[in-house]
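2 protein chains.
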Amino acid sequence: MPDKSLRIRRARPERAGRRPIMLAIAGDSAAGKTTLARGLEEALGPGRCVSLCTDDYHRYDRAERKDLPFTALHPDCNHVGIMEQHLQLLATGEPVLKPVYDHATGELVRPELVEPADVVIVEGLLPLYSKPARACFDVTVFLDPPEEIRRGWKVQRDCAKRGYTPEQVLAELERREPESAAHIRPQRRHADLVVRFAPIESRDDPAGTPLSATVMLRPTIPHPDLSAVLQPGLTRAMHLKLERDPDGRPAESLHVHGYVPREESLAVEKAIWAELGDPGGGAPESLGRLGDARSEPLAIAQLLILFHLMELDR
Amino acid sequence: MPDKSLRIRRARPERAGRRPIMLAIAGDSAAGKTTLARGLEEALGPGRCVSLCTDDYHRYDRAERKDLPFTALHPDCNHVGIMEQHLQLLATGEPVLKPVYDHATGELVRPELVEPADVVIVEGLLPLYSKPARACFDVTVFLDPPEEIRRGWKVQRDCAKRGYTPEQVLAELERREPESAAHIRPQRRHADLVVRFAPIESRDDPAGTPLSATVMLRPTIPHPDLSAVLQPGLTRAMHLKLERDPDGRPAESLHVHGYVPREESLAVEKAIWAELGDPGGGAPESLGRLGDARSEPLAIAQLLILFHLMELDR
Numbered sequence: 001m002p003d004k005s006l007r008i009r010r011a012r013p014e015r016a017g018r019r020p021i022m023l024a025i026a027g028d029s030a031a032g033k034t035t036l037a038r039g040l041e042e043a044l045g046p047g048r049c050v051s052l053c054t055d056d057y058h059r060y061d062r063a064e065r066k067d068l069p070f071t072a073l074h075p076d077c078n079h080v081g082i083m084e085q086h087l088q089l090l091a092t093g094e095p096v097l098k099p100v101y102d103h104a105t106g107e108l109v110r111p112e113l114v115e116p117a118d119v120v121i122v123e124g125l126l127p128l129y130s131k132p133a134r135a136c137f138d139v140t141v142f143l144d145p146p147e148e149i150r151r152g153w154k155v156q157r158d159c160a161k162r163g164y165t166p167e168q169v170l171a172e173l174e175r176r177e178p179e180s181a182a183h184i185r186p187q188r189r190h191a192d193l194v195v196r197f198a199p200i201e202s203r204d205d206p207a208g209t210p211l212s213a214t215v216m217l218r219p220t221i222p223h224p225d226l227s228a229v230l231q232p233g234l235t236r237a238m239h240l241k242l243e244r245d246p247d248g249r250p251a252e253s254l255h256v257h258g259y260v261p262r263e264e265s266l267a268v269e270k271a272i273w274a275e276l277g278d279p280g281g282g283a284p285e286s287l288g289r290l291g292d293a294r295s296e297p298l299a300i301a302q303l304l305i306l307f308h309l310m311e312l313d314r
Numbered sequence: 001m002p003d004k005s006l007r008i009r010r011a012r013p014e015r016a017g018r019r020p021i022m023l024a025i026a027g028d029s030a031a032g033k034t035t036l037a038r039g040l041e042e043a044l045g046p047g048r049c050v051s052l053c054t055d056d057y058h059r060y061d062r063a064e065r066k067d068l069p070f071t072a073l074h075p076d077c078n079h080v081g082i083m084e085q086h087l088q089l090l091a092t093g094e095p096v097l098k099p100v101y102d103h104a105t106g107e108l109v110r111p112e113l114v115e116p117a118d119v120v121i122v123e124g125l126l127p128l129y130s131k132p133a134r135a136c137f138d139v140t141v142f143l144d145p146p147e148e149i150r151r152g153w154k155v156q157r158d159c160a161k162r163g164y165t166p167e168q169v170l171a172e173l174e175r176r177e178p179e180s181a182a183h184i185r186p187q188r189r190h191a192d193l194v195v196r197f198a199p200i201e202s203r204d205d206p207a208g209t210p211l212s213a214t215v216m217l218r219p220t221i222p223h224p225d226l227s228a229v230l231q232p233g234l235t236r237a238m239h240l241k242l243e244r245d246p247d248g249r250p251a252e253s254l255h256v257h258g259y260v261p262r263e264e265s266l267a268v269e270k271a272i273w274a275e276l277g278d279p280g281g282g283a284p285e286s287l288g289r290l291g292d293a294r295s296e297p298l299a300i301a302q303l304l305i306l307f308h309l310m311e312l313d314r
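So the protein sequences, as listed, match chains A and B.
Here the first sequence is numbered in full-length UniProt numbering, starting from 1 and rising by one per residue.
Here the second sequence is numbered in full-length UniProt numbering, starting from 1 and rising by one per residue.
For reference, chain A alone in the conformation it holds in the complex:
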């Protein structure tokens, strides 16, 4: 018998396509993953970017999950092995036939073809869960809002878009908490950027003040040098700070203040955009979009991620 592996490799057609830049956006349910991703997708343009949600890899549909001892957050409730395989294929420039989970009906439906573009954005509950999955990414982000903020977002979304009552959503959050703690939140430590939208605790801002953002930049990948833009005293809109991560590792922390008037934030945004090599036309309009409103802290966080997607030396 001939060496079949060799035969398979030789029969495989040469791929002309480049390997895509792979971005992971991990975080708990309703942590803001889709909002963050949407602005990046639009900034890159549909032709250059393809998005994928790892929640599509649910192993069981909603009806089947009712009788199971775990929730959709649990790795055993997901085809983690297939998710890893598909991420590896996409990372090496191959298409995949991705499963599809319909959040509206809770059913698993017909799969769809995903062909890698220049950038592949992967968001979901578990993209950084396992080592084989993490190995596929060039840039990894974890969304880390305070739990009370996330609860509010989840109640709002699941009632408006998925037909639940607030009581149902809160009960589900309660049921999921041990699995969030065990499987979702530990992914935070594997992120190159940890993004946290929250009010500033030391201030007593009136209701309606936009949330501020803290973007922790871990030295696991080379971040843009913002020291010139963010010299002390130059702006109230944001500042850089050397901090220890809760697990003790050193990191840079960018604090973006939501209470600052928009013009002031926009000026810094423009300066950062120029510092990042401004490909012309100014920072994309889609950054910071929050429904019909706009959040400068969100725009800044997206800008820092966009840097890696546009500049990455492959």
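In short, the hints are calculated from the structure, not lab data.
Please note: incorrect hints may appear among the correct ones.
Chain copies aren't distinguished; within one or between two, either way the pair holds.
[Unchecked claim] In silico DSSO-like pairs for lysine-lysine, Cα to Cα no more than 30 angstroms straight-line:
id, residue 1, residue 2
1, K66, K4
2, K131, K4
3, K161, K66
4, K241, K270
5, K131, K98
Starting from the known structure of chain A, fit chain B onto it as the hints suggest.
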């Protein structure tokens, strides 16, 4: 940026499992693929064997196909690239999340996990269509009944099991004929075994006589040595013949006669089974099963394939 390919390879867990033996059974619609495969599956036992149909890789469902200029037989009507990818993954011992086409409803539904067993049987319209797909197989079979026999089988099956009228089936056969000629029948030349069930033209057997089988054994893989069992004059049940393939290549042809009384065929079947190294208990009961009836020619064809699945030196 670190070498991501290396990182991905290093992060991949070591597979304990062996690479499976891959068998392809190709042929046109209603050529007898499932009947042939079923007997082999049962002979191997469910734990040792997993089956997969490449028709599940249809790109469009039945409703969508109505408006297309080709039929389900056309490669463009199928995710051929994904089929190749999945065959490669299975051939190297990896699981796949296989799409599912529901023949009853004509819909593409929830995919299913397929984990490779010792033997993977792949049947369908297009498994030998492309070089990357063919590279995945250890043994390849093409089912080649005369067209008028296949038409009869297709009318019978599609009316009984898929709710069509005979007129509809014949019209569909007409519509498919150019694509059968262009894409399905050319796969015959890539098969190690070509199996043809047909009446013997030179005889005038009464209606109801079981079909005979011609099994062409191409020297592309090492077939069992049947010369001892099939010495001239030893049996009327079958004989070996050196022949030229229609495309000119030399091949061995085993002619199994359907008109011979069952006991005579069974004796030769036993002798072949012994020649193949008889793992005990005699040839599996499941071989030759044809609905509620039994066909010795089918059993012999299956036995010759089974040899490769049980004995192959990997």
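Here is what the structure says about each hint:
1. K66 x K4: For K66 and K4, the Cα distance exceeds 30 angstroms both inside one copy (44 angstroms) and across copies (39 angstroms).
2. K131 x K4: This pair counts as both: shortest intra-copy Cα distance 28 angstroms, inter-copy 13 angstroms.
3. K161 x K66: Result: close within a single copy only, 21 angstroms intra versus 34 angstroms inter.
4. K241 x K270: within (21 angstroms within a copy, 82 angstroms between copies)
5. K131 x K98: both (20 angstroms within a copy, 24 angstroms between copies)
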